[in-house]
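Residue numbers (this note's numbering), protein chains in the order written: chain A, 1 to 216; chain B, 217 to 717.
Just so you know, these hints were derived from the structure itself, not from any lab.
Please read all numbers here as calculations on a predicted model, not as lab measurements.
We put the CB at the ideal spot given by N, CA and C, even for glycine.
Keep in mind that the hints are not guaranteed to be accurate.
[Said to hold, decoys possible] Which chain A residues stay away from chain B? Per the calculated CB distances, all over 12 Å, these:
no.	residue
1	Arg36
2	Leu112
3	Thr128
4	Lys146
5	Asn193
[Unchecked claim] Reference listing, derived: stretches of chain B covered by chain A, where coverage requires no fewer than 3 residues with Cβ under 8 Å from a Cβ of chain A:
no.	segment
6	274-283
7	680-687
Given next are the chains, with one letter for each unit.
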Amino acid sequence: MSQYGKGPGFIAILLLILIIVIAVTMWSLDLIAQQRTFAFLLSAELIAFSMLVYLYYGETPKETSRRWLFSGAIALAVVILLGVAVIPGVTTTSTSPNVNITLYEGAISSSLYGFGYSSNNIVSPGPTLTFKVGDIVNLTVTDVGKLPHNWAIVSANQTSAPVEFNAQIRSPSSPLQHGESGSVVFTVTKTGNFYYICQVEGHVDLGMWGKVVVNS
Amino acid sequence: MGKKTVYDKLVDWFDVRLGFTKTPLKPIPDFALNPIYWLGLLMALTFGMQGATGMFMLLYYVPTPAEAYSSTTYIINSVPLGQLVETLHLYTAYAMILLAFLHLIRNYFGSAHKENRILMWLAGIILGVTVLSFGVTGYLLPWTVISKSATDVAIGFVNFFPAAIANLAKFVLVGSGSDIAEVTNFLHIHTIILPAVLLVFLALKIYMYEVHGPAYVSAFGKPKKGKIYPWFPKIFLYAVILFSVYIAILVAVSALVPLVIPPAFSPETAGQYVVQPDWYLIWVYQILKVQAFEGPEAVYAIAALGIFMVLLFLLPFYDRSKRRKLSQRPVFATIGAILVVEFVTLTVWGYLTPGQVIPNLQAVLVLGGSTVVTIIVMWILYRLRRKVPTAVLSTPESKVPATPAPETPKTIAEDESKPTRMRDKIELANQSMLSGFTAIFVFFLITASASLASLVNLIPSFWEAAPFAFLSAAVFAGSLYAMCRMLRGYVLAYEKRRGIT
């Protein structure tokens, strides 16, 4: 038995292990697409850590209640299972997209900008996108122009219009640079006519928009 | 003891430099090894988490009307762990507010505001208001259609105050009044001013906790063996376990139900959405939705809420009896129960009637009805308890383990079993009447004046609003009667006491 009773040294080492395990979890997961999984695993690691500390907490074996350890083990199992369940593709949860679209954005001439399905066929206005309510869309946009651009679905053909469906790739303040691409997964929640635009100031007027039609 | 392990050396190394095995942190009695005694420290931990997640978001958030929303969605959609951190920030905020309410309720019913803890109560109420202000200012920042509209409605209420106050309040909240000034001011209040206020009072409160130790709350069982543990390692380990389980739960819930934010604010679409504050302020909003408080009349409701807050703040100055047991404080227990029931009623009701104006009669019936039911239930509970001998009228716990010593729990146990003499009982009854007298009398006074005012108001349209008018008349008569009874009882008790001594 250590001079300070059980605890401090073990806690220090447990804490070190916890930090390493969290770091490894962060390293091995895609922190945008799999962040829910990461969160569940982080939760599991914290529960496991608290259980290990609990083992050293009781001064007598009687004080360490098996009931608590048992509940901890069940919580651990549930959280890990949830973490696996939310990995995209493992189960058919609402996070797996059923529509995949790739768009390119850039200049047609110095005063006309637009969108297209390929980098050498850019038109203004851009091609009309058609969705159904409930579609989960995975959309990738590549900036093939010289200027920085972003991409968003909005309610009106204006720079200031509000974003719909959280469908937005980057922002006007930190847009895609030349050659960069970004993607977004969003769920189409309502019918109607919308627009997709580049939100960088003035680019809508230069033709950077296209229609989005959502049918029921 | 001769052998020193690696752990010992490691601990020694830190101990020499930090002295944590001999620190002045207070030893904790065993009864406090119960999460109910840790609500305050959990809040401090929550504040730390809010700081960490908030700073992360501050790296990406742009406080301008044009980009507040898009930078928030950018954090959610495109920043690694952004959605988790954003959700965690919201849910820890909810947890913090919930803990604040629970902490308040526990301390109110557990009498943790009496005698040497008066300043702790005052600091606690200031911290509570600060936490709510965090919620209000943070609610605006994502610039969603609901949060922006709700904030504007809230700021609009300031207009009903006298011009001097209104202008000052508006200047503090929204500066020049433009959207950009509003969002910038709110961000600065949320990230600089409020944390500064909170840290100062938190430090004060932790200091006072170190002075007084945990307040023993008799409602949560008798003290156990009366053991006292040094904070290291037992209490420290307990805190580590509690904190990691708490964070684990918050993280798991954030992952289970990720945040979905409403659409962005735009003046054109704002009209299509029902304006609603977040859950912790629904009760205030529900009161303001009552027909009687529509338009400029709202100032009365706001003034009443202000008076309520002041009364809550000053609680230790009028709830001055030395009794701490719930069974010995029927009046304050009933008032507390009514407040909790009204809070829950207003919140649930607010969610059921979004954006509707509540007719006066309905408000009186629902709120008055829940109050009456609560009073009846509490009365029955206390009647049932009274049948247990010496449960109600035992001698007050004059020595509660404010500074816990091994023998104090024993005294409590003795107090409960000790038979009380008739004279003591009479003395006690007088004391109890005198200590609670002012508070109850003022309560009836306010009720009487309010009902009289509403009665006078209703005279022109007496028959149209007959039920409401009769109710006012009845409340007025009842309060008047109660006040007369109290005065009579007071005089009698006073004479009796003079006769005895």
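Going through the hints against the structure:
1. Arg36: Not fine: 5 Å to the nearest Cβ puts A/Arg36 too close to chain B.
2. Leu112: 25 Å, holds
3. Thr128: Fine: 22 Å to the nearest Cβ keeps A/Thr128 off the interface.
4. Lys146: Holds: least Cβ distance 22 Å, greater than 12 Å.
5. Asn193: Answer for A/Asn193: holds, closest chain B Cβ roughly 15 Å.
6. 274-283: Answer holds; 3 residues pass the 8 Å Cβ test.
7. 680-687: violated (count 0)
Going through the hint list in order, the structure does not satisfy hints 1, 7.
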